[in-house]
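Please take these sequences and the hints and turn them into a complete structure.
Protein chains in written order, with the UniProt record's numbering: chain V, 1 to 307; chain Y, 1 to 307; chain P, 1 to 260; chain X, 1 to 260.
There may be inaccurate statements among the hints.
[To be verified] In silico DSSO-like links for lysine-lysine, alpha-carbon gap of 30 Å or less: (1) K204(Y) x K303(V); (2) K193(P) x K288(V); (3) K83(P) x K193(X); (4) K290(V) x K12(P); (5) K290(Y) x K141(X); (6) K150(X) x K140(X); (7) K209(P) x K204(Y); (8) K193(X) x K103(X); (9) K85(V) x K246(X).
In case anyone wonders, no lab produced these hints; they're calculated from the structure. Predicted model, so just to flag it, every value in this text is computed and none were measured.
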Amino acid sequence: MSNINMSVDLNGLKLKNPVTVASGTFGFGREFADYIDLNKIGAISVKGLTLEERKGNPTPRVAETPMGMLNSVGLQNPGVEYFIKYELPFLKQFDTKIIANINGNTIEEYCKIANILSKTSVNSLELNISCPNVKKGGVSFGREPEMVYEITKKVREYCSKHLIVKLSPNVKDIREIAKAAEEGGADCISLINTLIGMAVDIEKETTILARGIGGLSGPAIKPVAVRMVYEVYNTVSIPIIGMGGIMNYKDAVEFFLVGASAISIGTGNLINPYITMEILNGIENHLKTKNYTSVKDIVGKIKIPSA
Amino acid sequence: MSNINMSVDLNGLKLKNPVTVASGTFGFGREFADYIDLNKIGAISVKGLTLEERKGNPTPRVAETPMGMLNSVGLQNPGVEYFIKYELPFLKQFDTKIIANINGNTIEEYCKIANILSKTSVNSLELNISCPNVKKGGVSFGREPEMVYEITKKVREYCSKHLIVKLSPNVKDIREIAKAAEEGGADCISLINTLIGMAVDIEKETTILARGIGGLSGPAIKPVAVRMVYEVYNTVSIPIIGMGGIMNYKDAVEFFLVGASAISIGTGNLINPYITMEILNGIENHLKTKNYTSVKDIVGKIKIPSA
Amino acid sequence: MKRDLLCKVIEKVKINENIYKLTIEKPNYNKNIKAGQFFNFKCGEGDYPLLRRPISVALVKKDSIDFYINKVGKGTNALCEKKEGDYIDILGPLGNGFDLDIKGKNIVIIGGGIGVAPLLELTKQLSDMHVNIDVMLGFKKEAFIVDEFKKYTGSVSITLENGSEVNKGYVTDLLKERIKSKKYDYIFTCGPKPMLKEVKRIGEEENIKTQLLMEERMACGIGACLVCTCKVKRGKDDWNYVRTCKEGPVFYGDEVIFDE
Amino acid sequence: MKRDLLCKVIEKVKINENIYKLTIEKPNYNKNIKAGQFFNFKCGEGDYPLLRRPISVALVKKDSIDFYINKVGKGTNALCEKKEGDYIDILGPLGNGFDLDIKGKNIVIIGGGIGVAPLLELTKQLSDMHVNIDVMLGFKKEAFIVDEFKKYTGSVSITLENGSEVNKGYVTDLLKERIKSKKYDYIFTCGPKPMLKEVKRIGEEENIKTQLLMEERMACGIGACLVCTCKVKRGKDDWNYVRTCKEGPVFYGDEVIFDE
Ligand SMILES: Cc1cc2nc3c(=O)[nH]c(=O)nc-3n(C[C@H](O)[C@H](O)[C@H](O)COP(=O)(O)OP(=O)(O)OC[C@H]3O[C@@H](n4cnc5c(N)ncnc54)[C@H](O)[C@@H]3O)c2cc1C
Ligand SMILES: Cc1cc2nc3c(=O)[nH]c(=O)nc-3n(C[C@H](O)[C@H](O)[C@H](O)COP(=O)(O)OP(=O)(O)OC[C@H]3O[C@@H](n4cnc5c(N)ncnc54)[C@H](O)[C@@H]3O)c2cc1C
Ligand SMILES: Cc1cc2nc3c(=O)[nH]c(=O)nc-3n(C[C@H](O)[C@H](O)[C@H](O)COP(=O)(O)O)c2cc1C
Ligand SMILES: Cc1cc2nc3c(=O)[nH]c(=O)nc-3n(C[C@H](O)[C@H](O)[C@H](O)COP(=O)(O)O)c2cc1C
Ligand code: FES
Ligand code: FES
Numbered sequence: 001m002s003n004i005n006m007s008v009d010l011n012g013l014k015l016k017n018p019v020t021v022a023s024g025t026f027g028f029g030r031e032f033a034d035y036i037d038l039n040k041i042g043a044i045s046v047k048g049l050t051l052e053e054r055k056g057n058p059t060p061r062v063a064e065t066p067m068g069m070l071n072s073v074g075l076q077n078p079g080v081e082y083f084i085k086y087e088l089p090f091l092k093q094f095d096t097k098i099i100a101n102i103n104g105n106t107i108e109e110y111c112k113i114a115n116i117l118s119k120t121s122v123n124s125l126e127l128n129i130s131c132p133n134v135k136k137g138g139v140s141f142g143r144e145p146e147m148v149y150e151i152t153k154k155v156r157e158y159c160s161k162h163l164i165v166k167l168s169p170n171v172k173d174i175r176e177i178a179k180a181a182e183e184g185g186a187d188c189i190s191l192i193n194t195l196i197g198m199a200v201d202i203e204k205e206t207t208i209l210a211r212g213i214g215g216l217s218g219p220a221i222k223p224v225a226v227r228m229v230y231e232v233y234n235t236v237s238i239p240i241i242g243m244g245g246i247m248n249y250k251d252a253v254e255f256f257l258v259g260a261s262a263i264s265i266g267t268g269n270l271i272n273p274y275i276t277m278e279i280l281n282g283i284e285n286h287l288k289t290k291n292y293t294s295v296k297d298i299v300g301k302i303k304i305p306s307a
Numbered sequence: 001m002s003n004i005n006m007s008v009d010l011n012g013l014k015l016k017n018p019v020t021v022a023s024g025t026f027g028f029g030r031e032f033a034d035y036i037d038l039n040k041i042g043a044i045s046v047k048g049l050t051l052e053e054r055k056g057n058p059t060p061r062v063a064e065t066p067m068g069m070l071n072s073v074g075l076q077n078p079g080v081e082y083f084i085k086y087e088l089p090f091l092k093q094f095d096t097k098i099i100a101n102i103n104g105n106t107i108e109e110y111c112k113i114a115n116i117l118s119k120t121s122v123n124s125l126e127l128n129i130s131c132p133n134v135k136k137g138g139v140s141f142g143r144e145p146e147m148v149y150e151i152t153k154k155v156r157e158y159c160s161k162h163l164i165v166k167l168s169p170n171v172k173d174i175r176e177i178a179k180a181a182e183e184g185g186a187d188c189i190s191l192i193n194t195l196i197g198m199a200v201d202i203e204k205e206t207t208i209l210a211r212g213i214g215g216l217s218g219p220a221i222k223p224v225a226v227r228m229v230y231e232v233y234n235t236v237s238i239p240i241i242g243m244g245g246i247m248n249y250k251d252a253v254e255f256f257l258v259g260a261s262a263i264s265i266g267t268g269n270l271i272n273p274y275i276t277m278e279i280l281n282g283i284e285n286h287l288k289t290k291n292y293t294s295v296k297d298i299v300g301k302i303k304i305p306s307a
Numbered sequence: 001m002k003r004d005l006l007c008k009v010i011e012k013v014k015i016n017e018n019i020y021k022l023t024i025e026k027p028n029y030n031k032n033i034k035a036g037q038f039f040n041f042k043c044g045e046g047d048y049p050l051l052r053r054p055i056s057v058a059l060v061k062k063d064s065i066d067f068y069i070n071k072v073g074k075g076t077n078a079l080c081e082k083k084e085g086d087y088i089d090i091l092g093p094l095g096n097g098f099d100l101d102i103k104g105k106n107i108v109i110i111g112g113g114i115g116v117a118p119l120l121e122l123t124k125q126l127s128d129m130h131v132n133i134d135v136m137l138g139f140k141k142e143a144f145i146v147d148e149f150k151k152y153t154g155s156v157s158i159t160l161e162n163g164s165e166v167n168k169g170y171v172t173d174l175l176k177e178r179i180k181s182k183k184y185d186y187i188f189t190c191g192p193k194p195m196l197k198e199v200k201r202i203g204e205e206e207n208i209k210t211q212l213l214m215e216e217r218m219a220c221g222i223g224a225c226l227v228c229t230c231k232v233k234r235g236k237d238d239w240n241y242v243r244t245c246k247e248g249p250v251f252y253g254d255e256v257i258f259d260e
Numbered sequence: 001m002k003r004d005l006l007c008k009v010i011e012k013v014k015i016n017e018n019i020y021k022l023t024i025e026k027p028n029y030n031k032n033i034k035a036g037q038f039f040n041f042k043c044g045e046g047d048y049p050l051l052r053r054p055i056s057v058a059l060v061k062k063d064s065i066d067f068y069i070n071k072v073g074k075g076t077n078a079l080c081e082k083k084e085g086d087y088i089d090i091l092g093p094l095g096n097g098f099d100l101d102i103k104g105k106n107i108v109i110i111g112g113g114i115g116v117a118p119l120l121e122l123t124k125q126l127s128d129m130h131v132n133i134d135v136m137l138g139f140k141k142e143a144f145i146v147d148e149f150k151k152y153t154g155s156v157s158i159t160l161e162n163g164s165e166v167n168k169g170y171v172t173d174l175l176k177e178r179i180k181s182k183k184y185d186y187i188f189t190c191g192p193k194p195m196l197k198e199v200k201r202i203g204e205e206e207n208i209k210t211q212l213l214m215e216e217r218m219a220c221g222i223g224a225c226l227v228c229t230c231k232v233k234r235g236k237d238d239w240n241y242v243r244t245c246k247e248g249p250v251f252y253g254d255e256v257i258f259d260e
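See the structure below:
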């Protein structure tokens with residue numbers, strides 16, 4: 001397989017391969033070290049971090065939907081200081097890039113956490129302005145271009161690391177949001193976060209999730225994700241990490257073709273802990289079969305038949 | 001079954017039962033008359049109409065996605081005059097309500113068609129400001145509250161019939177859109193239309209749909225639809241026709257519980273032409289088992305466990 | 001009213017690595033089935049995969065129907081997992097079927113790949129009409145159901161794209177060859193799009209009426225959703241999209257516009 | 001490194017209308033399986049249904065494991081459709097399992113409904129430790145696997161919610177009755193939430209240590225996604241959400257907070 005060049009450069013963040021894992025679906029990596037060699041992953045985006053510990057939302061936090069799942073974790077995490085002290089050293093043992101997914105109730109909190117993490121060995125910060133599972137902050141920062149521009153610009157001032165902005169699909173026009181992030185100073189864009197959804201237990205006449213709404217992920221949302229990556233690719237000039245329902249190498253290739261420079265696997269990890277390795281091999285084989293020499297060859301190559 | 005009251009009043013439009021069929025998935029009814037008794041359907045929303053005939057988009061117009069489908073029909077229809085002359089008389093043979101789904105490139109066109117149809121025997125007009133499959137008009141009218149208010153208000157002036165406004169889920173906040181429709185003079189709201197999506201043929205490196213993007217429907221979108229109906233129910237006081245991925249009576253009951261007064265079946269018709277009758281029976285049985293006497297008893301009854 | 005029914009798989013035969021024959025009990029309503037019609041199959045268990053898959057009627061027997069299924073994806077793979085005794089939800093018969101109200105005595109039937117399947121019932125029905133039928137079947141590597149065709153006509157020829165010298169080539173080349181010495185009144189065909197295009201061209205060149213069985217991605221199969229359109233001529237300079245599942249899947253060669 | 005594996009269904013036995021026993025080949029890595037652990041099952045074909053379903057280890061044998069599956073929805077129904085010889089993708093063993101490093105000789109094991117399944121392996125393992133085990137099993141209408149328990153202890157009692165006068169009632173009532181005359185050192189339990197709550201209460205009241213096997217909706221089953229949380233005490237006045245799939249599914253009665 002060595003003759004395919006799998007490395008990608010996400011505008012300063014160099015990955016040995018384009019297969020990364022999505023925040024919230026890979027914990028801090030520990031659980032997966034039992035199944036796969038973490039050295040072989042392009043990058044790991046860790047569970048969303050906040051300044052202080054968060055307990056998260058009440059249980060039940062998950063509901064299965066047709067080819068999708070709703071989660072309502074609510075950013076449960078031990079806080080950024082705990083992460084730096086106890087989780088980051090574990091992760092730094094591996095030859096992979098560490099992306100810290102950051103969250104806050106206010107812009108100031110985002111800036112503070114960016115500042116703190118800029119002094120650590122994480123390789124990139126991922127500004128999560130798209131979490132639907134918290135009362136304050138979260139997706140409310142990600143739905144208006146003006147707000148996205150402002151928060152990106154402010155955080156940029158405190159972030160000396162590579163900066164990714166993670167976009168919410170719960171918007172009117174993803175292009176204007178992506179443009180705002182680019183103008184605000186993002187080095188890279190990741191998308192999509194979850195769609196907001198709800199599921200009902202018709203016997204109990206309650207929502208299945210204790211909190212009512214949750215974030216929809218998995219194959220069900222793939223068509224929306226692919227469309228949004230396509231739109232953003234044709235709007236901004238910074239690279240894109242594409243995600244949303246990737247379950248096999250074919251799904252991954254769809255994302256490269258519409259313009260993602262790297263892909264991220266979320267829900268797929270929860271179903272098959274070996275999935276990253278299977279997809280990595282699958283992509284390489286596909287490129288080989290089609291006589292490409294680098295994964296970069298197919299990024300954005302899609303054609304629209306009637307265009 | 002006769003002891004359950006299934007009739008609903010959608011703010012002036014009285015249906016014998018709350019099971020209706022969604023525009024674009026039931027043609028003008030003819031094809032289904034071979035399978036079911038159209039007299040037993042609450043209402044039929046016909047294929048989207050325009051002033052002039054439309055040929056629609058190039059083929060392929062359909063792609064299957066995980067528990068969903070993308071369509072790119074592009075409002076192919078014979079034009080409103082043809083409809084009135086050749087299709088409406090057929091439909092009026094049946095004891096069901098006829099909803100004319102109307103579309104235009106400009107507000108003027110919407111008004112014109114509303115005016116024309118107001119003089120016919122259709123029972124309601126459904127203002128479709130959410131079609132993702134046309135270049136002009138369509139969803140672009142449905143994404144900003146100001147625009148929704150304006151078009152609803154203008155069309156209202158020309159529409160002497162019951163007026164439904166059909167909302168797009170491709171928005172930032174469905175509540176403000178619904179509010180705008182209500183303020184503009186809508187009698188009723190229907191949602192959701194399709195999410196915008198894309199699917200890729202990785203061998204050919206083209207999109208599967210000739211036009212690239214299409215509208216995502218089916219079970220995959222149900223969690224988004226349920227959430228939006230819930231949000232809108234808690235925002236406006238006009239009734240809601242809920243739809244998006246309803247495949248069985250359980251799905252239908254989810255929609256009632258979150259606030260829909262009637263439900264509409266779209267993609268389900270394409271998979272099972274008997275589905276409306278099966279769902280109608282299923283709803284009645286469910287209500288019986290739970291000792292309700294009317295379908296209205298469960299509308300909006302949902303509880304959020306942690307609230 | 002029509003009823004769609006769960007119909008029992010009576011027999012399943014592996015034809016080759018990729019193709020299975022399913023013999024399925026006839027739905028128990030009294031409905032004439034025409035050659036060129038199809039059934040829309042629910043392939044998996046429950047709702048997944050979501051859409052039905054159209055499969056042509058290959059042979060209508062007294063109480064059952066033969067279908068030939070080529071495994072190409074989720075749906076056809078799931079179908080080929082069905083076992084004898086299982087029930088399948090098949091909706092149909094759907095579509096127009098071949099128009100057998102034809103003039104002329106010399107018929108040629110040209111099939112390519114899995115597209116040969118619906119031509120079997122056609123050959124059977126035509127053979128009852130006492131016309132001369134030449135059947136030409138083209139395959140990639142391996143022929144199948146040739147013997148079935150031979151039950152209805154003595155003239156069955158085969159080409160293989162990767163064949164030996166005797167029969168190597170495209171089936172349309174065979175047609176072009178034969179046409180030099182024989183005057184056909186009618187061509188019926190089904191197969192991959194490039195083949196249909198070429199047959200249409202030949203028909204127009206030689207002034208022979210053609211009927212093409214067209215494949216298009218479908219959803220409902222009953223004419224309700226308008227996703228399966230085929231571009232056809234309308235009047236002199238105009239065109240129209242019509243439903244492959246309803247106005248088709250069989251079209252006259254001179255009405256179809258192949259420009260997409 | 002662990003490997004999840006496609007494991008063969010060796011035997012399938014219908015226990016009653018709703019419950020099946022699946023005996024599945026052991027994954028071929030060398031891993032100790034503890035009572036109270038579970039495997040996370042891929043139930044359908046391919047990707048549907050999407051999430052795995054957790055099923056407790058009921059009995060570990062030399063080369064195989066018994067699981068008892070109660071059909072309640074899509075996933076468990078699909079599992080019960082599997083046939084002998086089919087392969088299932090099972091990930092595990094997962095979770096902490098029961099803590100068998102216990103003090104005291106008098107053990108009571110209380111199970112309700114399908115929750116009796118994991119208690120079988122527990123009973124077996126405890127029986128090797130030469131302690132006294134009273135097993136009390138509660139069912140709605142119909143008891144099952146009672147004979148299996150009898151292989152490991154002479155004391156197995158049964159209650160049926162809809163039973164005859166002899167054994168009618170809740171299993172927790174039986175426990176309350178017995179406790180009057182017998183001093184237990186330890187309670188192990190698994191079953192519906194209201195039952196667990198009641199057992200915890202009794203344990204606290206009587207000052208008997210309890211271990212509860214808790215069920216919670218899961219996704220990954222390996223501790224990565226934090227959706228399966230259980231509310232437990234932390235320190236004196238604080239609490240925390242911990243992962244049922246990783247820190248559990250077995251918790252001490254005195255740590256669990258039942259307020260949701
Ligand atoms: C009128 C008609 C008759 C047909 N008769 C036969 C037959 O007798 N035997 C047979 O093996 N096949 C036949 N086909 C083709 C068959 O329907 C497709 O191969 C099948 O739908 C592919 O489904 P899949 O899930 O296996 O593949 P996938 O590629 O996973 O299917 C994905 C989607 O694309 C659609 N699709 C993919 N390929 C085709 C195609 N070639 N034509 C139409 N839709 C397609 C599917 O229906 C599905 O919606 C016929 C098609 C039509 C339109
Ligand atoms: C640790 C553990 C051990 C278990 N052991 C067994 C066992 O040995 N035998 C057995 O029959 N069942 C057992 N269960 C319950 C079993 O996992 C559920 O009944 C099953 O997941 C339901 O799936 P379904 O698709 O049939 O039902 P659906 O209702 O269609 O499932 C929908 C979703 O809800 C979840 N869900 C529904 N009910 C439960 C439940 N009671 N617990 C957890 N998740 C649920 C499903 O996992 C799925 O994600 C166990 C559960 C846990 C957590
Ligand atoms: C259980 C769960 C927890 C998640 N937590 C986070 C999070 O903390 N931060 C974040 O940016 N995204 C979070 N996400 C979103 C994912 O990173 C990803 O954007 C989304 O799930 C879409 O990808 P997928 O369909 O492959 O899962 C979470 C998703 C899931 C399923
Ligand atoms: C093939 C197809 C055509 C459609 N055409 C229209 C249309 O003309 N007008 C309209 O308002 N909605 C149209 N829709 C949207 C549906 O009416 C419905 O809002 C949507 O499909 C969601 O419901 P479902 O998931 O039950 O299909 C169409 C949907 C499909 C699948
Ligand atoms: S497939 Fe629906 S109209 Fe042909
Ligand atoms: S199910 Fe994912 S952490 Fe427990």
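Discussion item. Does K141(X) sit within 30 Å of K290(Y), going by the straight-line distance between their CA atoms?
Written reply: 22 Å, holds
Worksheet item: CA of K204(Y) to CA of K303(V), is that 30 Å or under?
Response: 9 Å, holds
Worksheet item: Between K83(P) and K193(X), is the straight-line Cα distance small enough, at 30 Å or below?
Response: Judged against 30 Å, a Cα distance of about 41 Å means the pair is violated.
Fill in: Proposed proximity, K288(V) with K193(P) (alpha carbon, max 30 Å)
28 Å, holds
Worksheet item: Hey, K209(P) versus K204(Y), does the alpha-carbon distance stay inside 30 Å?
Response: Distance ~33 Å between K209(P) and K204(Y) Cα, so the pair is violated.
Worksheet item: For the pair supplied as a hint, K290(V) and K12(P), is the alpha-carbon distance within the 30 Å limit?
Response: 36 Å, violated
Discussion item. K85(V) and K246(X) were given as a pair; does the straight-line alpha-carbon distance stay at or below 30 Å?
Written reply: Holds. K85(V) to K246(X) sits at ~22 Å (cutoff 30 Å).
Fill in: K193(X) paired with K103(X) [C-alpha distance capped at 30 Å]
At roughly 26 Å apart (the allowed maximum being 30 Å), K103(X) and K193(X) satisfy the hint.
Discussion item. Does K140(X) sit within 30 Å of K150(X), going by the straight-line distance between their CA atoms?
Written reply: Answer holds: K150(X) to K140(X) is near 20 Å, not above 30 Å.
Hint violations for this structure: numbers 3, 4, 7, all remaining hints satisfied.
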